[in-house]
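A.B. asks: Use the sequences and the hints to build the structure in full.
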Amino acid sequence: MTDDRLRMTPGPTAVPAAVRERMSEPTPNPDIEPAFFDFYRDLTDNLEALYGGDEIVILGGEGILGLEAAVASLVEPGDRVLCIANGRYGEGFADFVDMYGGDAVICDAPWREPLDRAAVEAALADGSFDVATMVHCETPTGVLNDIEPVLDVLAEHDVISIVDAVSSLGGVPVPTDRIDVCLGASQKCFSAPPGLTVCSISDRAWRKIESFETDGFYTDLEPWRDAAAEEWFPYTHLSSNLYGLDTAIDLLLEEGLENVFERHETAAARCRERADRLGLSIYPDAARSSPTVTALEVPGRAATLQRTLAEEHDLVLATGLGDLEDDVLRIGHMGHNARRDRVDWTMDALEAVL
Numbered sequence: 001m002t003d004d005r006l007r008m009t010p011g012p013t014a015v016p017a018a019v020r021e022r023m024s025e026p027t028p029n030p031d032i033e034p035a036f037f038d039f040y041r042d043l044t045d046n047l048e049a050l051y052g053g054d055e056i057v058i059l060g061g062e063g064i065l066g067l068e069a070a071v072a073s074l075v076e077p078g079d080r081v082l083c084i085a086n087g088r089y090g091e092g093f094a095d096f097v098d099m100y101g102g103d104a105v106i107c108d109a110p111w112r113e114p115l116d117r118a119a120v121e122a123a124l125a126d127g128s129f130d131v132a133t134m135v136h137c138e139t140p141t142g143v144l145n146d147i148e149p150v151l152d153v154l155a156e157h158d159v160i161s162i163v164d165a166v167s168s169l170g171g172v173p174v175p176t177d178r179i180d181v182c183l184g185a186s187q188k189c190f191s192a193p194p195g196l197t198v199c200s201i202s203d204r205a206w207r208k209i210e211s212f213e214t215d216g217f218y219t220d221l222e223p224w225r226d227a228a229a230e231e232w233f234p235y236t237h238l239s240s241n242l243y244g245l246d247t248a249i250d251l252l253l254e255e256g257l258e259n260v261f262e263r264h265e266t267a268a269a270r271c272r273e274r275a276d277r278l279g280l281s282i283y284p285d286a287a288r289s290s291p292t293v294t295a296l297e298v299p300g301r302a303a304t305l306q307r308t309l310a311e312e313h314d315l316v317l318a319t320g321l322g323d324l325e326d327d328v329l330r331i332g333h334m335g336h337n338a339r340r341d342r343v344d345w346t347m348d349a350l351e352a353v354l
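Using the UniProt record's numbering, you'd call the opening residue of the sequence shown number 1 and step up by one each time.
By construction, these hints were calculated from the structure, which means they are not laboratory data.
Quick caveat: nothing in here was measured; it's all calculated off a predicted structure.
Check each hint, because a few of them may be wrong.
[As the list claims (entries may be wrong)] Calculated lysine to aspartate or glutamate pairs in the EDC-like style (CA-CA distance at most 20 Å, straight line):
1) Lys208 - Asp177
2) Lys208 - Glu156
3) Lys208 - Asp158
4) Lys208 - Glu68
5) Lys208 - Asp98
6) Lys208 - Asp130
7) Lys208 - Asp103
8) Lys208 - Asp348
9) Lys208 - Glu76
10) Lys208 - Asp226
11) Lys208 - Glu222
12) Lys208 - Asp220
C.D. replies: This is the structure:
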C-alpha cells in the first residue's frame with residue numbers, strides 16, 4: 001500500500017526508507033542471543049556520542065514512559081519536587097509526582113513567557129527540594145526554553161534535574177552535560193517510529209535511584225543500569241524498533257550534528273518567513289520558538305484548517321492542545337522533515353486553503 005500524505009506534525013515524524021528497511025530484518029530473540037547485547041551496547045555508545053556523555057538507557061515505550069519513569073525512580077513518597085513550567089508538559093510533571101506520592105510544587109510562568117529563574121531561586125531558598133523537573137521544548141506551543149539559567153540555580157542548590165527534551169534532542173543543541181536525567185524519544189527529531197524512550201542518567205541520579213525501592217516495575221530505571229553489561233533485560237526489548245533507531249542515529253551522526261542543527265534552523269526560518277507573508281502570527285513569537293516546531297495562531301480555525309489540508313492536499317498538521325486546541329496550528333519541521341522542500345509544500349498548501 002502506498003501513502004502519499006505528507007505528515008508535517010511535531011512527532012511522529014516521517015521515517016526514512018533506510019530506517020524502515022532496517023526494521024524489516026529478521027527479528028532476533030533479544031533475551032538470549034549474545035549478538036543482540038553487543039548490538040544494544042553499540043547503540044547506546046552511539047547515543048552517548050549524541051548526548052555527549054552520561055550512561056544511556058533505552059526503554060520499550062513511547063516518550064511519556066520516560067517522563068513517568070524518571071519521576072517514579074527519583075521521587076520517594078513525601079519528597080518535595082519543584083515542577084518548573086510554562087506549558088502543558090511542564091505542568092504535567094506534577095501529575096506524575098502526585099501519582100508516586102511526592103509533593104509537587106509548581107513554579108509556573110505564563111505559556112508565552114520564559115521560565116522564571118527568580119521564582120525558582122525563591123522556591124529553592126528553603127533547601128527542601130531534591131529533584132526538579134522542566135521541559136526544553138514545549139511541543140504544544142513551540143516554545144524553546146532557555147534552561148541553562150535555571151540549571152545554574154539547580155546546581156547551586158544541589159538539586160537533581162529531570163528535563164524533557166523529547167522534541168528538541170537531535171534537532172537542537174541541548175545542554176545534556178548539565179542535566180541529570182535527559183529524556184528523548186524515537187519518534188521526534190530522530191525520525192524513527194514511536195515506541196522507544198531514550199534517557200541519559202548521571203551518576204548523581206543513579207545514586208538517588210538506587211537509594212530506595214520504587215513502587216513499580218515497568219517504570220523502574222534501576223534494573224537497567226547493569227542490564228546490558230550482564231546480558232539480560234528487565235523485559236523483552238523491542239528489537240525491530242531498536243534496529244530502526246540504530247539506523248536513524250547513524251544517519252544523524254553521518255550528517256554531523258552541526259549540519260543537522262543548521263538544517264533545522266533553515267527549515268524553521270523558511271516556515272516563519274512564509275507564515276509572515278501570509279499574515280500569520282507565531283505563538284509566542286519567532287525569537288522564542290524552537291527550530292523543530294512552529295505554532296501558528298489561527299483563532300477558532302485550527303480544526304477546520306487541519307481537516308481541509310488533509311482532505312484537499314494530503315497534508316497532515318497538528319492543532320494545539322488544551323485551551324489552544326482550536327487556536328493554534330502546528331507545523332513540525334523536525335527530523336527527516338526539516339527540509340526546505342517539505343516546508344514549501346506545506347506552506348503552499350496552507351496558502352491555498354487560506
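A.B. asks: Is lysine 208 close enough to aspartate 226, meaning Cα to Cα at most 20 Å?
C.D. replies: 16 Å, holds
A.B. asks: Does the structure keep lysine 208 and glutamate 222 at a Cα separation of 20 Å or less?
C.D. replies: 10 Å, holds
A.B. asks: Take a quick look at whether lysine 208 and aspartate 177 sit within 20 Å of each other, Cα to Cα.
C.D. replies: Answer holds: lysine 208 to aspartate 177 is near 18 Å, not above 20 Å.
A.B. asks: Taken at face value, is the distance from the CA of glutamate 68 to the CA of lysine 208 at most 20 Å?
C.D. replies: 16 Å, holds
A.B. asks: Between lysine 208 and glutamate 156, is the straight-line Cα distance small enough, at 20 Å or below?
C.D. replies: Distance ~18 Å between lysine 208 and glutamate 156 Cα, so the pair holds.
A.B. asks: So if I understand the rule, the pair passes when the alpha-carbon distance is 20 Å or less; does lysine 208 with glutamate 76 pass?
C.D. replies: Judged against 20 Å, a Cα distance of about 10 Å means the pair holds.
A.B. asks: Against the 20 Å threshold, does the CA-CA distance of lysine 208 and aspartate 130 hold or violate the hint?
C.D. replies: 9 Å, holds
A.B. asks: For lysine 208 and aspartate 220, compute the direct alpha-carbon distance and say whether it is at most 20 Å.
C.D. replies: Holds, because 12 Å separates the two Cα atoms, which is no more than 20 Å.
A.B. asks: Starting from lysine 208, check that the Cα of aspartate 348 is at most 20 Å away, please.
C.D. replies: 51 Å, violated
A.B. asks: Is it true that the CA of lysine 208 sits at most 20 Å from the CA of aspartate 98?
C.D. replies: 19 Å, holds
A.B. asks: Has the given pair, lysine 208 with aspartate 103, been kept, meaning a C-alpha gap of at most 20 Å?
C.D. replies: Since the Cα atoms of lysine 208 and aspartate 103 sit roughly 17 Å apart, the hinted pair holds (cutoff 20 Å).
A.B. asks: Could you grab the alpha-carbon distance between lysine 208 and aspartate 158 and see if it respects the 20 Å cut-off?
C.D. replies: Given pair lysine 208, aspartate 158 holds - Cα atoms ~12 Å apart, limit 20 Å.
Comparing the model with each earlier hint shows a violation of hint 8 alone; every other hint is respected.
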